[in-house]
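Based on the provided sequences and hints, a complete structural model is requested.
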Amino acid sequence: MSASFDYFDHDADVGVVGRGATIERAFEAAAAAMFAIMADPAAVRPIETVRVEFVETDPEFALVTWLNRLLAEARTRGLALTRFRLRHENGRWIGEADGQPWHSGIVPGTEVKGATLTGLRVGPVGMNVEARCVVDV
Amino acid sequence: MDLSRFEPLDDFRWALAGGAGRAPVILYGDRELLAAMDDKVLEQIGNVARLPGLVGAAMTMPDAHWGYGFPIGGVAAFDAEQGGIVSAGGVGFDISCGIRCLRTGLTLDKLARKMKALADGLFVSIPAGLGREGHLHVDPQTLDRVLAGGAQWAVERGYGKPVDLEYIEDHGRADGADPTQVSAQAKARQLGEMGTLGSGNHYLEVQVVDRVLDAEAAAAFGIAEGDVLVSIHCGSRGLGHQIGTEYLVSLAKAAARLGIDLPDRELACAPIASPEGQAYLGAMRAGINCALANRQILAYLTRRTFGHFFPGADLETLFDVSHNTCKAEPHRVDGRERILHVHRKGATRAFGPGHPALPERYRAVGQPVIIGGSMGTGSYLLAGCAEGEARAFSSASHGAGRQMSRSAALRRWRGRQLIDELAERGILIRTESMRGAAEEAPGAYKDVHRVAEATEGAGLARRVAFLRPKICVKG
Chain R
1 MSASFDYFDH DADVGVVGRG ATIERAFEAA AAAMFAIMAD PAAVRPIETV RVEFVETDPE
61 FALVTWLNRL LAEARTRGLA LTRFRLRHEN GRWIGEADGQ PWHSGIVPGT EVKGATLTGL
121 RVGPVGMNVE ARCVVDV
Chain F
1 MDLSRFEPLD DFRWALAGGA GRAPVILYGD RELLAAMDDK VLEQIGNVAR LPGLVGAAMT
61 MPDAHWGYGF PIGGVAAFDA EQGGIVSAGG VGFDISCGIR CLRTGLTLDK LARKMKALAD
121 GLFVSIPAGL GREGHLHVDP QTLDRVLAGG AQWAVERGYG KPVDLEYIED HGRADGADPT
181 QVSAQAKARQ LGEMGTLGSG NHYLEVQVVD RVLDAEAAAA FGIAEGDVLV SIHCGSRGLG
241 HQIGTEYLVS LAKAAARLGI DLPDRELACA PIASPEGQAY LGAMRAGINC ALANRQILAY
301 LTRRTFGHFF PGADLETLFD VSHNTCKAEP HRVDGRERIL HVHRKGATRA FGPGHPALPE
361 RYRAVGQPVI IGGSMGTGSY LLAGCAEGEA RAFSSASHGA GRQMSRSAAL RRWRGRQLID
421 ELAERGILIR TESMRGAAEE APGAYKDVHR VAEATEGAGL ARRVAFLRPK ICVKG
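The listed protein sequences derive, respectively, from chains R and F. Per the working numbering, the very first residue in the first sequence carries number 1; after that it's consecutive. Per the working numbering, the very first residue in the second sequence carries number 1; after that it's consecutive.
Hints are computed from structural coordinates only; laboratory data are not their basis. Just to be clear, a hint being listed does not mean it is correct.
[What the hints assert, rightly or not] DMTMM-like cross-link-like pairs, simulated, lysine to aspartate or glutamate; straight-line CA separation at most 25 Å:
(1) F:K40 to R:E53
(2) F:K110 to F:E133
(3) F:K253 to R:D40
(4) F:K114 to R:E130
(5) F:K253 to R:E130
(6) F:K40 to R:E89
(7) F:K161 to F:D334
(8) F:K40 to R:E73
(9) F:K161 to F:D144
(10) F:K470 to F:E453
(11) F:K253 to R:D6
(12) F:K253 to R:E53
(13) F:K161 to R:E56
(14) F:K253 to R:D98
(15) F:K114 to F:D314
(16) F:K114 to R:E60
(17) F:K40 to R:D9
[As the list claims (entries may be wrong)] Now the stretches of chain F that chain R is said to cover, found in silico as 3 or more residues with beta-carbon under 8 Å:
(18) 198-204
(19) 248-258
Please read these numbers as outputs of a predicted model, since none were measured by experiment. Backbone N, C-alpha and C define an ideal beta-carbon position, used for all residues, glycine too.
As structure tokens, then:
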């Protein structure tokens, strides 16, 4: 299947769900879900790339770390992000994301403060992998 | 929420006795508010009641709703001498998010003549929302001084007046901040974010005192019906968010290593006395100072803008309260004074009359408490009361509390339509985010009047005045 994302309800915040054929694709889709809360992906051009790298053996902590590392890079560099690539080997995760600096043509959505451990689950659903958690907005 | 297992102590207090490794739970609020709460609130506060070293009961305020780890509106106190813990999930990501309230010295009739121009002026001068950095960029060395000095640093740099500090919790600076426990990434996120509002439920609101409910306290607070106030709701911005995210994972791992059996990983914690607990406290207090400095700078920007439209206007700080904190405070428990680490996650400190930490001006009536409501309904100013000390370690509600998820609000409302409807009611909204406006629709929040009444009925704080919104700048 091609990767896809969705949302689930939470009283104060927003739940994000990424689905894909592999854990990497599911994580990429979860990142796309989170950044779509902040900006319409169609309005963001992929002209700058950020890179994140971390070590984490627990797949659920890895999802939270992946999302939070991306958030930190995006905020520090003033970027809206739209495309995500991730690979992992023996607990080492290496990812990239493309985007561009915020400008008046990108209509702001709602700022995400961080990915939380609430509703956190990474695991198989049918033939695919699903990665979900609540993000604090 | 099913209240069948709870014993009503009165109309506003509901108790669940402890047992099987769980301390008692007390829910504050009337039957209708509690019945409408998500069952997750009960599950989350029940988990808090199982944490080590809890003193008394785990509690929720009348505005409680489902959070992460602790519920929003959760209060719990821990004693370090009894193995008590400090929890990153008990503070939240937006460390020391809070409200700065300013008296403007203006009345509604004067505001009305320049309201639209003021709304536009504030929207330009207050950096709000995604993609907007602050006017003030600091270098890493300066940021370390911010993290150690809080609002005191900001005042020393000219962003305000020394008298402001008398009306900020802890005189504008949290003791024990340790900037060395804050990561380089967290600091990097903050270099361009000093003096920014953020988005989500953060706002700058110009309000009018609609009704005074307690004349004595209102006089002490220096307000009367028709007066114009400003409330600035925001927190520690990227730095606090980064501290929260990093310590949430590291303390969740530490808890397992330290033998703490967490009923929910999101309660990520460590014993207060442990190196891990002390590291988090040092970082979290640095986050508090970041938030206090941030609100001080925003107050400065607000004063400058008011001064442009109303020459000679003197905006005085009424009070500055934080509502995502863990603070070491003396409290009397069973006749003995103990230093407790009180977690208030979406809850406000509410010291009663006579408390020595209060400024002289408010000592006879109690600490100002602000229940921030939605942009279409209004907010309450309250005063801490004496019973609140024994009942909730001097804590009270912090807002109206959401009753509808953001996704549900987005399905139901359109931002532009809401803004137009509010304008017809004389409330000017300024935001670039239509999504944010829809998510923050007044109907997505609980009835603020009911929350304030329940807060008073529960003996946590008494109502002083109802504030009606006139201008709201949101990110």
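Outcome of the hint check:
Taken as a hint, the F:K40 and R:E53 pair is broken in the structure, with Cα atoms around 35 Å apart against an allowance of 25 Å. The straight-line distance between the Cα atoms of F:K110 and F:E133 is roughly 32 Å, outside the 25 Å bound, and the hint therefore fails. For the hint pairing F:K253 with R:D40, the CA-to-CA distance comes to about 35 Å; that exceeds 25 Å, so the pair is violated. About 53 Å separates the Cα atoms of F:K114 and R:E130, which puts this hinted pair outside 25 Å; it is violated.
At roughly 23 Å between alpha-carbon atoms, F:K253 and R:E130 fall within 25 Å of each other, so this suggested pair holds. For the hint linking F:K40 to R:E89, the alpha-carbon distance of about 37 Å lies beyond 25 Å, and the restraint is violated. Of the pairs offered as hints, the one joining F:K161 and F:D334 is violated, with about 41 Å between alpha carbons and a cut-off of 25 Å exceeded. For a cut-off of 25 Å, the pair hint linking F:K40 to R:E73 is broken: about 32 Å separates their Cα positions.
With a C-alpha separation of about 22 Å, the suggested pairing of F:K161 with F:D144 holds against the 25 Å cut-off. Taking the CA atoms of F:K470 and F:E453, the gap is near 23 Å; set against the 25 Å cutoff, the hint holds. Taken as a hint, the F:K253 and R:D6 pair is broken in the structure, with Cα atoms around 29 Å apart against an allowance of 25 Å. For the suggested pair F:K253 and R:E53, the alpha carbons sit about 20 Å apart, so the restraint of at most 25 Å is met.
For a cut-off of 25 Å, the pair hint linking F:K161 to R:E56 is broken: about 47 Å separates their Cα positions. For the suggested pair F:K253 and R:D98, the alpha carbons sit about 31 Å apart, so the restraint of at most 25 Å is broken. Between F:K114 and F:D314 the CA atoms are separated by roughly 17 Å; this keeps the pair inside 25 Å, and the hint holds. This hinted pair does not check out: F:K114 and R:E60 have alpha carbons roughly 53 Å apart, beyond 25 Å.
Under the criterion of a C-alpha separation no larger than 25 Å, the hint pairing F:K40 with R:D9 is consistent with the structure, at around 12 Å. Taking a C-beta to C-beta cut-off of 8 Å, the segment 198-204 of chain F contributes 3 residues in contact with chain R, enough for the three needed, and the coverage statement holds. With 4 residues bearing a CB less than 8 Å from a CB of chain R, the segment 248-258 of chain F meets the requirement of three and the coverage assertion stands.
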